[in-house]
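Undergrad: Work the whole structure out from these sequences, hints included.
Chains as they are written, first to last, in this note's numbering: chain Y, 1 to 463; chain L, 1 to 463; chain P, 1 to 463.
Hints may be right or wrong, so weigh each one.
The list makes no distinction among identical chains, and a pair is therefore deemed to hold if it is satisfied within one copy or across any two copies.
To be verified - For lysine-lysine, the following BS3-like pairs were computed, each having C-alpha atoms within a straight-line distance of at most 25 angstroms:
(1) Lys359 / Lys421
(2) Lys399 / Lys381
(3) Lys456 / Lys397
(4) Lys421 / Lys459
(5) Lys72 / Lys86
(6) Lys252 / Lys163
(7) Lys128 / Lys86
(8) Lys170 / Lys459
(9) Lys381 / Lys459
I should point out that these hints are in silico values taken from the structure, not numbers from a laboratory. Keep in mind that this is a model prediction, so the values were computed, not measured.
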Amino acid sequence: MRAIVLAAGLGTRFRSEKPKVLHEILGKPMLWYVITNVRNGKIDEIALVVGHKAQEVMEAFKDENLKFFIQKNPKGGTADAVLSAKDFFASYDGYVLIINGDSPLVSGETIRNMQQFIYMVKAYEGVKLGGVVLTAHLPDPTGYGRVLKEPGTDRVLRIVEEKDASAEEKRITEVNAGVYIFYAPWLLEALYSIKPSRATGELYLTDVVEYMSKKGYEVRSFMAREPSEVIGVNTRWELAIAENLIKLKLIKFWTDRGVTVHFPETVWIEPDVSLENDVEIFPGAQLKGKTKVGKGSVIGSGSVIVDSTIGRNVRIGEYTVVERSRVEDGAVLGPFARIRDGAHVRSGAHIGNFVEVKKSVIGEDVRAKHLAYIGDATLGKGVNVGAGVVFANYDGKRKHESFVGERAFLGSNSLIVAPVKIGSFSFIAGGSVVNKDVPDYAFVISRPELRIIPEKGKKFLDK
Amino acid sequence: MRAIVLAAGLGTRFRSEKPKVLHEILGKPMLWYVITNVRNGKIDEIALVVGHKAQEVMEAFKDENLKFFIQKNPKGGTADAVLSAKDFFASYDGYVLIINGDSPLVSGETIRNMQQFIYMVKAYEGVKLGGVVLTAHLPDPTGYGRVLKEPGTDRVLRIVEEKDASAEEKRITEVNAGVYIFYAPWLLEALYSIKPSRATGELYLTDVVEYMSKKGYEVRSFMAREPSEVIGVNTRWELAIAENLIKLKLIKFWTDRGVTVHFPETVWIEPDVSLENDVEIFPGAQLKGKTKVGKGSVIGSGSVIVDSTIGRNVRIGEYTVVERSRVEDGAVLGPFARIRDGAHVRSGAHIGNFVEVKKSVIGEDVRAKHLAYIGDATLGKGVNVGAGVVFANYDGKRKHESFVGERAFLGSNSLIVAPVKIGSFSFIAGGSVVNKDVPDYAFVISRPELRIIPEKGKKFLDK
Amino acid sequence: MRAIVLAAGLGTRFRSEKPKVLHEILGKPMLWYVITNVRNGKIDEIALVVGHKAQEVMEAFKDENLKFFIQKNPKGGTADAVLSAKDFFASYDGYVLIINGDSPLVSGETIRNMQQFIYMVKAYEGVKLGGVVLTAHLPDPTGYGRVLKEPGTDRVLRIVEEKDASAEEKRITEVNAGVYIFYAPWLLEALYSIKPSRATGELYLTDVVEYMSKKGYEVRSFMAREPSEVIGVNTRWELAIAENLIKLKLIKFWTDRGVTVHFPETVWIEPDVSLENDVEIFPGAQLKGKTKVGKGSVIGSGSVIVDSTIGRNVRIGEYTVVERSRVEDGAVLGPFARIRDGAHVRSGAHIGNFVEVKKSVIGEDVRAKHLAYIGDATLGKGVNVGAGVVFANYDGKRKHESFVGERAFLGSNSLIVAPVKIGSFSFIAGGSVVNKDVPDYAFVISRPELRIIPEKGKKFLDK
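TA: Right, here's the structure in full:
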């Protein structure tokens with residue numbers, strides 16, 4: 001089996017600078033879902049027909065091992081798009097799947113079942129099919145092409161577009177999903193035989209069905225597992241609908257594997273995320289990129305985890321953002337913490353509210369519970385970071401690193417001026433500015449004299 | 001055409017101190033939607049009948065160019081409410097729309113279509129209608145008034161309330177939306193002719209329909225475009241339902257204009273917001289008041305933008321709050337930033353996590369990436385604001401301003417005591433307290449001696 | 001009436017270390033809902049049959065006044081589970097409700113109605129029922145046991161499981177909710193008479209129905225008020241569905257009592273929360289534990305209130321977390337504030353963005369509007385806390401307290417080193433480190449000399 005994915009369309013209704021098929025669903029281009037589903041449908045050789053903004057689309061999928069074909073005429077129609085890729089199947093004695101790049105909901109399972117169906121018909125009925133058309137029954141078929149069949153059979157005679165349908169044809173509720181499998185030699189024959197539409201000048205793929213049927217190359221309909229599979233994404237509203245459906249499907253996948261998800265409609269989990277069982281995810285949380293979360297960890301409401309590895313029994317409070325970082329078992333983060341860019345939070349450490357950790361190693365059992373900035377630093381085991389502590393890692397020209405030994409105490413509002421090394425078991429008094437290395441066990445203070453001037457406060461009173 | 005909006009009801013089921021019609025949907029009183037829809041229905045002369053908490057309602061709509069009428073008797077009933085406004089239509093030879101102030105879902109389009117219908121019936125059938133009743137077919141009509149018609153026609157004979165309906169009448173699924181257009185002279189005649197209900201003493205508008213029908217003033221039914229239009233908001237649960245429907249309608253409006261909205265159910269966009277195409281809005285974001293967002297900008301999850309102007313290609317991260325401010329092209333905000341009250345963030349500036357900017361000008365390419373408070377300040381191009389920097393703009397009596405010249409470097413944890421001017425290209429060492437003006441190119445430091453006392457840290461150890 | 005709740009199952013499909021019935025819905029174990037609903041159904045004597053992880057389940061419900069029974073054989077089946085509790089009803093001449101611990105949606109009202117039904121049948125028909133089976137009609141009954149009845153009556157003949165059902169039986173849409181009331185003596189007789197399944201060796205409760213029916217102990221079906229009541233929670237997906245339904249039911253309860261809830265699908269309100277009327281709750285807010293909120297208060301988007309008491313007319317902005325604290329009338333919190341662990345915010349105080357308050361008393365009209373940490377402190381009326389102020393309450397060994405008198409002014413970035421007392425009307429200059437007591441009306445400053453070195457800033461320029 002081979003597959004041709006059609007991604008040449010203008011996507012006018014998206015009103016976008018960006019090619020339609022690159023618009024994202026849960027962090028991936030919609031076209032990625034189509035290609036992934038085709039692969040899950042056990043088809044490895046895939047051609048992508050591009051046209052509108054071809055370079056951008058090809059660039060985005062250059063590592064996906066696809067064969068690219070360019071449709072020259074943007075108004076050529078769907079059959080012309082397939083013809084653009086004729087070198088891909090002209091000498092192929094097998095079947096070819098044709099699917100639109102804006103059909104991210106057609107499942108791999110449905111694609112496998114369509115192939116299976118062809119083999120079954122051959123095996124049990126001895127009929128070599130010319131093609132299979134994926135269909136669904138919709139309560140309201142308005143806007144879709146209707147599937148006309150030989151009464152009492154699954155033999156498709158032709159597909160009629162909404163605008164060309166008679167009143168009677170419009171009453172048909174079986175619609176065309178725009179997904180076909182054709183026998184390649186007959187497909188080629190058909191493509192060379194059909195004529196452009198008199199109304200639009202376009203060559204329509206649906207005419208291939210009618211051609212084959214008339215020629216005696218039997219085409220059958222095959223029902224999608226779920227009617228929603230036929231939804232094509234032509235507007236951003238449909239993009240949102242498709243995203244909602246894919247979201248719930250992904251979440252159901254994880255709940256079946258032992259993950260609790262509260263208020264699934266509000267939760268964002270991207271396809272490359274990986275979760276162990278007994279993870280618990282609260283409303284509005286977002287897991288993005290290649291994030292992994294270990295057993296027993298809790299992701300608090302509204303927290304956002306991007307391309308990060310979270311260990312086991314980690315507790316992430318509300319509204320915590322973790323990006324490109326690693327958090328080990330039993331750490332406690334948030335609420336309102338931000339951990340980013342290569343940070344590594346070791347086992348049992350606590351990072352609390354309004355604390356930012358950037359590209360730093362936070363040792364085991366460190367406490368940094370309030371208002372602090374820790375950047376380009378390495379903190380040993382059990383270090384205590386007071387409220388208001390800042391690691392001044394930037395001197396206006398470049399970034400410098402700091403090292404803090406185990407169990408050091410960094411008093412509140414102190415400023416750690418990098419580059420600097422602070423010894424283990426040292427004690428930095430609150431408000432100090434530390435710009436020299438500190439030996440182990442030292443006490444460090446930089447504090448001006450406190451002057452208390454009686455009664456003078458009165459002059460500031462204006463109350 | 002004129003319109004009478006009835007907003008005199010007690011709204012008992014809301015259990016509120018506030019008049020029911022002032023309860024808000026996406027930041028606007030529900031009555032605002034009714035008036036806006038009537039205006040969109042091409043009716044400019046509008047009377048508002050108030051009663052319960054009349055002053056509050058009139059105050060809220062005093063700038064809307066409405067004629068106010070007061071219903072004296074809170075238990076007078078709907079027809080009595082219309083009679084309160086009789087001076088509005090007693091000498092008017094035309095049609096009058098009557099709609100409830102708690103019907104925010106009746107669209108302007110439906111109101112236009114009802115008028116159109118009257119003109120068409122006159123033009124094509126030569127029938128001058130006495131009235132039109134807006135109706136809908138509901139699968140479960142329980143609780144609604146049922147519309148009784150002459151069999152096989154659209155001629156309405158009368159409307160029967162749920163509680164007065166026979167078993168057979170209850171099976172009717174066509175319900176009364178409580179929206180009517182009547183020919184004014186006949187309406188007046190009917191209002192003077194109908195009698196109060198024996199059960200409640202109220203005068204019912206539905207009796208006008210029966211009166212006209214008997215009198216030979218033909219009343220027809222007209223089907224609402226969407227059944228949901230008939231929902232009246234009598235409880236806060238219905239308020240939530242109406243809000244959900246209006247929310248999705250507004251979002252669909254924007255997606256059709258090229259805006260991407262992820263998880264539309266969770267996104268709040270108020271009616272006065274204005275968006276360019278290729279704006280992308282993430283789950284839980286809220287756009288309020290007269291906010292404008294330019295092309296290519298991204299609104300991160302859970303961010304709240306109120307009465308602000310956001311330029312093009314601005315990137316707003318998660319959980320960022322912008323109020324009454326202006327953000328220019330290419331600025332980067334958040335996550336966890338707060339920009340408020342007349343702040344002006346220039347092109348390319350970055351405002352990061354746990355930073356508050358109040359009534360300040362942030363110059364181009366400024367960096368203020370962590371934990372800072374910038375209030376009443378003007379920062380020139382390229383200024384660097386370190387973590388923990390605070391502009392002390394308040395001296396206990398009044399607020400003062402600060403000025404920072406271009407490319408100045410404000411070291412971490414330094415305190416800028418307003419009023420003060422800091423020159424361009426100056427460098428403030430970390431932890432400094434700056435309470436004097438600083439010339440361009442100066443180096444500034446206020447730092448006590450750092451004392452490092454070996455071994456003394458031990459006495460603080462308790463670990 | 002007595003009730004037996006079956007909570008011995010393995011819950012294999014949950015793939016969890018935790019017993020299935022302890023998995024939470026809105027902060028309470030699902031089993032809590034079953035027990036609460038049974039109690040609301042006017043049944044006080046309740047037996048709980050445990051098995052899998054029995055100790056954990058009993059521990060969690062040890063204060064609920066239940067009688068515990070242990071099912072020894074984890075594969076004994078539902079009837080074996082009931083037999084485990086036979087001492088609970090063997091000598092009881094009355095009716096026994098049997099319900100599964102994973103059926104949190106069966107309402108107290110339905111349980112009361114089932115009992116009522118038994119009494120009515122006795123009173124009006126003179127029939128003493130052997131049992132009542134709770135049923136519902138589902139459009140798609142797949143997976144549920146079907147209820148087979150004597151045609152034209154409500155007499156149940158037997159219940160057939162999906163896997164054992166004939167094609168014809170599968171077409172029955174009336175399904176078994178797994179909730180029964182049986183007359184205890186006949187139940188016991190039936191339990192001793194039925195035989196283990198040949199396929200699985202289990203004793204099925206559904207066989208009791210068939211036994212009784214054959215024996216002439218009449219069993220009738222009783223329809224649940226809402227079909228959703230029959231949903232059993234066997235997977236975490238069903239847990240999410242049940243949570244969504246319970247959430248909306250709780251929110252509807254509060255809207256009927258005069259609370260406004262925006263976007264109800266996104267709002268989390270736990271069962272023990274208590275709200276006055278005219279409270280307004282914005283999207284994504286969460287009210288947890290025994291939280292109370294007074295009239296006229298506003299809970300901003302995404303705010304989380306846990307086990308706290310919020311007074312009247314309190315305004316809580318976006319993304320504010322309040323835990324185990326008390327907030328008095330008219331206080332203003334957030335956005336991005338965190339109030340925790342025994343904090344007490346008095347009337348009219350403002351706590352603003354990036355401020356943490358821990359175990360402190362915040363006096364009336366205090367202002368702490370930006371970036372501060374207030375821990376273990378008592379602030380008098382009208383105190384002003386500048387940006388960047390930190391109460392250093394921890395010295396590395398223990399926590400200490402601070403006291404600040406009324407109308408004191410704590411300048412920005414100052415550090416208050418506990419234990420310390422700061423007098424009323426005193427003025428602490430910005431950047432001071434206060435480690436001594438300060439008398440009333442004093443002016444306090446600790447500030448190193450500011451050195452301004454002309455031109456020296458240049459050497460730091462690298463721009």
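Undergrad: The structure should be examined with respect to each hint, and the outcome stated for every one.
TA: Status of each hint after checking the structure:
1. Lys359 / Lys421: within (17 angstroms within a copy, 34 angstroms between copies)
2. Lys399 / Lys381: So Lys399 and Lys381 pass the 25 angstroms test inside a copy (24 angstroms) and across (21 angstroms) alike.
3. Lys456 / Lys397: Cα proximity of Lys456 and Lys397: across copies only (15 angstroms, versus 43 angstroms in one copy).
4. Lys421 / Lys459: Between copies only: 21 angstroms across chains, 44 angstroms inside a chain, cut-off 25 angstroms.
5. Lys72 / Lys86: Only inside one copy: Lys72 and Lys86 sit 13 angstroms apart there, 68 angstroms across copies, limit 25 angstroms.
6. Lys252 / Lys163: between (38 angstroms within a copy, 24 angstroms between copies)
7. Lys128 / Lys86: within (22 angstroms within a copy, 65 angstroms between copies)
8. Lys170 / Lys459: neither (86 angstroms within a copy, 79 angstroms between copies)
9. Lys381 / Lys459: Intra 48 angstroms, inter 19 angstroms, cutoff 25 angstroms: inter-copy only.
Violation of the numbered hints given earlier is confined to hint 8; every other hint is satisfied by the structure.
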